[in-house]
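J.: Use these hints to put chains Y and A onto chain U, whose structure you have.
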Amino acid sequence: MPAFITPTVIAHLVLIFAVMNMLVLSSAFMVWMERKVCAYIQDRLGPNRVGFEGLLQPFADVFKLLLKEELVPKAADKLLFLLAPIISVAAALTAFSVVPFGTQITLFGLLDPPLRLEVTDVNVGILVVFAITSMGVYGIVLAGWSSNSKYSLLGGLRSSAQMISYEISYGLALAAVVMLAGSLSLREVVMNQSGYWWHLIPRWYLFLQPLGFLIFFTAGVAETNRAPFDFPEAEQELVAGYHTEYSSMSFGLFFLAEYVNMVTVSAVATSLYLGGWLGPFLPDWLGWIWFLIKTLALLFFYVWMRWTLPRYRYDQLMEFGWKYLLPVAIVNLIVTAALVIWLG
Amino acid sequence: MLSLNHFLVLSGILFSIGTAGVFLRRNLITILLSIEIMLNAVNLTFVAVGRYLGTVDGQIITFFVMTVAAAEAAVGLALVISLFRHRETLSPDAFTTLRW
Amino acid sequence: MDVIAFYVFAAIAVVASLLVIGQRNPMHSVMLLIVSFGALSGLYVLLDAPFTAVTQIIVYAGAIMVLFLFVVMLLNAHTEDEVVPPTLGPHGMKVAVVLSLALAAEAIWAFSRISPTVFSNDPGLTGSISSVARIGAGIFTTHAFAFEVTSVLILVAMVGAVVIARKEA
Numbered sequence: 001m002p003a004f005i006t007p008t009v010i011a012h013l014v015l016i017f018a019v020m021n022m023l024v025l026s027s028a029f030m031v032w033m034e035r036k037v038c039a040y041i042q043d044r045l046g047p048n049r050v051g052f053e054g055l056l057q058p059f060a061d062v063f064k065l066l067l068k069e070e071l072v073p074k075a076a077d078k079l080l081f082l083l084a085p086i087i088s089v090a091a092a093l094t095a096f097s098v099v100p101f102g103t104q105i106t107l108f109g110l111l112d113p114p115l116r117l118e119v120t121d122v123n124v125g126i127l128v129v130f131a132i133t134s135m136g137v138y139g140i141v142l143a144g145w146s147s148n149s150k151y152s153l154l155g156g157l158r159s160s161a162q163m164i165s166y167e168i169s170y171g172l173a174l175a176a177v178v179m180l181a182g183s184l185s186l187r188e189v190v191m192n193q194s195g196y197w198w199h200l201i202p203r204w205y206l207f208l209q210p211l212g213f214l215i216f217f218t219a220g221v222a223e224t225n226r227a228p229f230d231f232p233e234a235e236q237e238l239v240a241g242y243h244t245e246y247s248s249m250s251f252g253l254f255f256l257a258e259y260v261n262m263v264t265v266s267a268v269a270t271s272l273y274l275g276g277w278l279g280p281f282l283p284d285w286l287g288w289i290w291f292l293i294k295t296l297a298l299l300f301f302y303v304w305m306r307w308t309l310p311r312y313r314y315d316q317l318m319e320f321g322w323k324y325l326l327p328v329a330i331v332n333l334i335v336t337a338a339l340v341i342w343l344g
Numbered sequence: 001m002l003s004l005n006h007f008l009v010l011s012g013i014l015f016s017i018g019t020a021g022v023f024l025r026r027n028l029i030t031i032l033l034s035i036e037i038m039l040n041a042v043n044l045t046f047v048a049v050g051r052y053l054g055t056v057d058g059q060i061i062t063f064f065v066m067t068v069a070a071a072e073a074a075v076g077l078a079l080v081i082s083l084f085r086h087r088e089t090l091s092p093d094a095f096t097t098l099r100w
Numbered sequence: 001m002d003v004i005a006f007y008v009f010a011a012i013a014v015v016a017s018l019l020v021i022g023q024r025n026p027m028h029s030v031m032l033l034i035v036s037f038g039a040l041s042g043l044y045v046l047l048d049a050p051f052t053a054v055t056q057i058i059v060y061a062g063a064i065m066v067l068f069l070f071v072v073m074l075l076n077a078h079t080e081d082e083v084v085p086p087t088l089g090p091h092g093m094k095v096a097v098v099l100s101l102a103l104a105a106e107a108i109w110a111f112s113r114i115s116p117t118v119f120s121n122d123p124g125l126t127g128s129i130s131s132v133a134r135i136g137a138g139i140f141t142t143h144a145f146a147f148e149v150t151s152v153l154i155l156v157a158m159v160g161a162v163v164i165a166r167k168e169a
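Residue numbers (the working numbering), protein chains in the order written: chain U, 1 to 344; chain Y, 1 to 100; chain A, 1 to 169.
Worth double-checking, as some hints may not be accurate.
Each computed DSS-like pair below joins lysine-lysine, with the alpha-carbon atoms no more than 30 Å apart [stated by the list, open to error]:
{"#": "1", "chain 1": "U", "residue 1": "Lys64", "chain 2": "U", "residue 2": "Lys74"}
{"#": "2", "chain 1": "U", "residue 1": "Lys64", "chain 2": "U", "residue 2": "Lys78"}
{"#": "3", "chain 1": "U", "residue 1": "Lys323", "chain 2": "U", "residue 2": "Lys150"}
{"#": "4", "chain 1": "A", "residue 1": "Lys167", "chain 2": "U", "residue 2": "Lys323"}
{"#": "5", "chain 1": "A", "residue 1": "Lys167", "chain 2": "U", "residue 2": "Lys150"}
{"#": "6", "chain 1": "U", "residue 1": "Lys74", "chain 2": "U", "residue 2": "Lys36"}
If you are wondering where the hints come from, they were derived from the structure by calculation, not from laboratory data.
The shape of chain U in the complex, shown without the other chains (with noise of 0.2 Å):
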């Protein structure tokens, strides 16, 4: 046996696999919790014939579709339309990569030095996010092009407009806890927030900073094309937007990257303001429980959203972006400047 497969390398390459797997299953419970919600929220029942409460129904899905003819539209651009949904995911799930989900574990004495729960740690972890995420507008900007159908490109051109328009009130909310943390690592930002104040209240950012939180949480939904600013997939305008072109597995992989992406919206918010694996009651290997609890959270208020309320019109979306959210971020930005350095 080589020498640099040692227990910590095979750990790491572990729990790479376990994070990537973790995130593909997560998509695929969240397309059942979607349904299930929305079933709900509609009184009905939603899927309950594949599995125990119809668990299983999105494997059953990915199946089907697995199935299905893989078709390319005569005057695509071959290339970069299969292209398209690869950059999609490969973006979604690079930049999960850089978010902690507990402290360490040694597996029960086993791995000395000790596992830290990330897949890696980068002195600039928020930055790397940032510009990960920044990535995936290509995804869906090069399937609208390369569809060369008037609704993919409607598709593209509305969702590349909103990413970048929404990107700096994301942006400006992130430096406003950079600020707070005064890093820019993700695990360092979470380690910031341990403790109580007055043993009552976790000294979250969510509490220092509710109004970054609120930015934060819309541009995030923005960034990820959901509802109510689901614009590039507008089904009553644009019959599906982006991805009307795509059958078979690609058209399921825009689906991935869509859920992947909320995913990692959620985990990011959960580390920057709802104190990442910190919790009360359990022992510090099990952090992670907490941190799995408070994302599924979000990822609840992100389907209870969808289902709530009505979409805005294009123009009211870019007006709400550029004169409502974003000078509230740099507001929010300049008080918490001024804030810290009063109060040191």
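T.: The following block gives chains Y and A in isolation, referenced to the frame of chain U:
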């Protein structure tokens, strides 16, 4: 071992590719892209020399170059759009007259 | 290890840039340029400049290139015109190729003549230049004036772009 020369030669090559693009292409968008390649070659030099001298000034200048590149792209592309409205083409040779 | 990574990234950057200028389809050019920027960002990581590497992706690949894509999509310019440029004359292209090759040869010759200067691996030095705090301090103290000027420049560019691209001037 990595040396400063590696990076300088690479940025020299990239810069030449950028100039070649400006010379050879007959498409305003590709010409703007070539200018971006040249700016990036210069950025690489700044960061490499900064690394060699052990200062962060190289990275700071790169930061400024990026903002200038963003401004240049915005104005450049606005010009491309308004030129395209007049002549329905992107070839720079279509815009040799001063009046239309 | 570093050297292998350098050559891989350098090869990607050079090949992608060459393909950028060798394409007739502007859409493909833009995508290839993004690949080249990604490789450059890898090189910045090798140079212990993670902040610059990430800003490279955020600013260039995430913002400037989206702008380019947007314009290409808006103009729906699939390929470039085949017309021979009248301003260059019959041998214009050849002269251009020779001139750029000469520039490349010159640059390579000049830069490889500098006596090899290996980067120091002192952890104190690599730590200090990869620190975002030091970059921020530099921007807002020594380079504060330049920083303010860039913000004015961005504002001017923004207003200018809106005025130029507006339909009825």
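J.: Hint by hint, say whether it matches the structure.
T.: Taking the hints in turn, this is what the structure says about them:
Restraint check: the Cα-Cα separation between U:Lys64 and U:Lys74 comes to about 24 Å, which is no more than 30 Å; the hinted pair holds. For a cut-off of 30 Å, the pair hint linking U:Lys64 to U:Lys78 stands: about 24 Å separates their Cα positions. With a CA separation close to 29 Å, the supplied pair U:Lys323 and U:Lys150 stays within the 30 Å bound. Annotation: proposed proximity of A:Lys167 to U:Lys323 holds, straight-line Cα distance about 22 Å (limit 30 Å).
With a C-alpha separation of about 22 Å, the suggested pairing of A:Lys167 with U:Lys150 holds against the 30 Å cut-off. A hinted pair counts as satisfied when its Cα atoms are at most 30 Å apart, and U:Lys74 with U:Lys36 does not qualify at roughly 38 Å.
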